[in-house]
Amino acid sequence: MGPFLEYTVIGLTVGSFYALVALGYTIVYGILRLINFAQGDLSMVGAFLGWTLLVSFGLEHLPIYLALVVAFVVPMLGTAAVNLGILQFAYKPLLKRSLLAILITALGMSIFLQNSAQLIWGGAIQAYPPNLLPSSGIFIGDVHLTYVQIGLVVISLLLMGGLVAFVQSTTLGTAMRALAVDHDAARLMGINVDQVIRLAFVLGAMLAAASGVMLGIYYVQIQFTMGFLLGLRAFTAAVLGGIGNIPGAMAGGMLIGLLEAYTTGYLSGKWEDVLVFGVLITVLVVKPTGIFGERVAERM
Amino acid sequence: MAMLEVTDLHVYYGNIEALKGISLEADPGQIVAILGSNGAGKTTTLRAISGLLRPRSGSIKCAGKSLVGVDAHVIVGMGLSHVPEGRRIFNILTVDENLNLGGYLVRSQPRLIKERKAGVFKLFPRLAERRMQLAGTLSGGEQQMLAIGRALMSDPKVLMLDEPSLGLSPILARSVLRTVREIAGRGTAVLLVEQNARQALAIADKAYVIEVGRVVLQGEAATLASDERVQRAYLGGFEAVGTQAELGKNN
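In order, the protein sequences belong to chains A and E. Residues in the first sequence are numbered consecutively from 206, following my numbering. Residues in the second sequence are numbered consecutively from 78, following my numbering.
Hints may contain errors.
[To be verified] If you only want the chain A side, here are some residues facing chain E, beta carbon under 10 Å, derived:
hint	residue
1	Gln354
2	Leu393
3	Asn397
[As the list claims (entries may be wrong)] Straight-line alpha carbon distances no greater than 20 Å define the calculated EDC-like cross-link-like pairs of lysine to aspartate or glutamate that follow:
hint	chain 1	residue 1	chain 2	residue 2
4	A	Lys301	E	Asp148
5	A	Lys297	E	Asp148
6	E	Lys142	E	Glu162
7	E	Lys138	E	Glu192
8	A	Lys297	A	Glu211
9	E	Lys97	E	Asp85
Hint data in this document are derived by calculation from the structure and do not stem from the laboratory. Even glycine gets a Cβ: it sits at the ideal position worked out from N, Cα and C.
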C-alpha cells in the first residue's frame, strides 16, 4: 500500500501542473475552436521568467512568501503579454481563414517561442534554487508529503478555484461561456468579442506560466525544450476531459498525472509517454468527446 | 423625427446584391412590419442595421446617430437591440445568465440590472419561474420570450424582431405578438420581420413589403392589409408564387 499512496501524491502534484496548462488549451478552444499549440511553451517562458527573477535578480534571498508572490505574479503577467502578442500578430490576421492555417501557425508559434527562449536564456539546462521551499515535510500515516508538494498543489487549487469562480459567477465569465455558443448572438448583447478573446488568451497564459514556475520549483531543472512534451501531455489531458470543458481539463490533468506516476512507479519512466499518448489515441478513437462528453469540434 | 431611419441601403454577399436600396423609418412607439417571402432580404436588412453585416452604401440612423461602420457590440449601447432569427439564446446558460448578458453593457450597475430584470419578469412571468433553468431546456415559446427579454435588458429605443412567431403554436404566436404591442406601447420603436403577414399587419402601424432586395410596397398596416396585391401574395396562402412577380412589376 505504501508506494501506491506515494505515487498517488506525486501523480496529483504533477497532474495539477498539467491541469493548469490543459485549462489554457480548453479556454481558448472553447471560444475560438483553436488549439493553441504554444500553450506548453508559454509554460516554459513562465518558468524562465521566474528563474530570471529568482536566480539572476537574486529574489531567492528575499523572504520566502514575498519571493514566491513576485516569482509567480511577474511571469504570469509577462507570459500573458507574450500570448497577447501571438494572438495579435499571428492568429488575428488568420481568424477568418481556414482553421488549418491557424493550427499550423500555432505549431510555428511553439517553435518560435522555443527558439526565442534559446536565444535569450541559452540552450543549457538552468536550475531553480533547490531549497526555495523546505524539502522536509509531514507524514500522514506512512505517506510522506513534502512542503513543496503541499505548497504547489495549494497554489494550483487556488488558481483553478479562482478561474472557476470567475467563469461561473461573473458576467464577464458568463460572456466567455456565451462565446463558446454563439459569437454573433454575443455581439448583439453588446459583448466586445475581441476583448473577451484577449481575456481568454491572458487567462490561458497566466495559468501556463504559473505551472511553469511550479515545474521549476518541483523538478529544479528547466530547459527551453521543456514546454513541448508538457504541452502535448496537457493537450492529452484536455482531450481526455473533453476539450472546451473546464472541469474536464482539471480532471484530465489529474488523471494524466496519476497515469504518469503509476507508470513510472510500477513499470518504468520509459513507458510514460507510450501510455500517455496511448490514452490520447484511444480517447480520440473511442470517445472523442472525452469524459465529460462536451460536443467536440465541428471544425476540428 | 424618426427613431430609426434607413436610407438607400445596399448590401452585397460577395458579388450578389442582396439589398438594392432599402429605405425605411420607424417612429417611437410604432410597430413597423417588414413583409416578404423567403430570400427577399428581410433578415439581411436587420443584420445590416444591427452591424452584423457591413452595408456597401446607404445610411442608417438611430436617434439621429449614424450606425454605419459601427461595431455590432457598440450599436447595442446606442439603443438598438436585435432579436435574431432562430432566437439564438445561449442554451448552455441559465435563463438568469442569459438575461444578465442582455444587460452586459450595464453589468457594473447591479441595481439597474435588477430593475430591468424585474421588468422582463413582469412581461414574461414564465421566465421568472424558469429562472435557474438552462435555457436549452425551455420550450420554443419560452425560448422566444427569453430572446425578447434578453434584448430588452439593454433598454433599447429600437427593438428589431426577426420572425418571433416562427415555430410557435398560433396561440403562443398571438401572445408573443401581443407582448410586442405592449413593448411598443412604452415608446419603443419596433421593427418586426414576420412571415405571418396577417398577424403582423394586425398589430403593426406601418408595413414595408420587400421583394428581392427592394421595397415594393409601403404604407399604413390597415391599408396594406386590404390591398389586393398584398392579399393575394401574402394573405391568400398558396397561390402566392405566381403573383409575386406581378407585384414586383406593378412597382
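*Starting from A:Lys301, check that the Cα of E:Asp148 is at most 20 Å away, please.*
holds, 17 Å
_Hint consistency between A:Lys297 and A:Glu211 [alpha-carbon to alpha-carbon, up to 20 Å]_ = violated, 45 Å
*Given A:Gln354 as an interface hint, is the shortest Cβ-Cβ distance to chain E below 10 Å?*
Where the cut-off is 10 Å and the nearest Cβ of chain E is about 36 Å from A:Gln354, the hint is violated.
*Quickly compare the C-alpha distance for E:Lys97 and E:Asp85 to 20 Å and report which way the hint goes.*
At roughly 8 Å apart (the allowed maximum being 20 Å), E:Asp85 and E:Lys97 satisfy the hint.
*For the pair supplied as a hint, E:Lys142 and E:Glu162, confirm whether the alpha-carbon distance does not exceed 20 Å.*
violated, 25 Å
*Decide if the proposed pair is consistent with the structure: A:Lys297 and E:Asp148, CA atoms, cutoff 20 Å inclusive.*
Distance of about 17 Å is within 20 Å: holds.
*At a threshold of 10 Å, is the proposed contact between A:Leu393 and chain E supported by beta-carbon distances?*
For A:Leu393, the interface hint holds, since the closest Cβ of chain E sits about 5 Å away, which is under 10 Å.
_Given the hinted pair E:Lys138 and E:Glu192, is their Cα-Cα distance within 20 Å?_
violated, 28 Å
_Hint A:Asn397 vs chain E: min CB-CB distance below 10 Å?_
It holds, given that the least Cβ distance between A:Asn397 and chain E is near 5 Å, below 10 Å.
This entry does not satisfy hints 1, 6, 7 and 8, going by the numbered hints stated previously.
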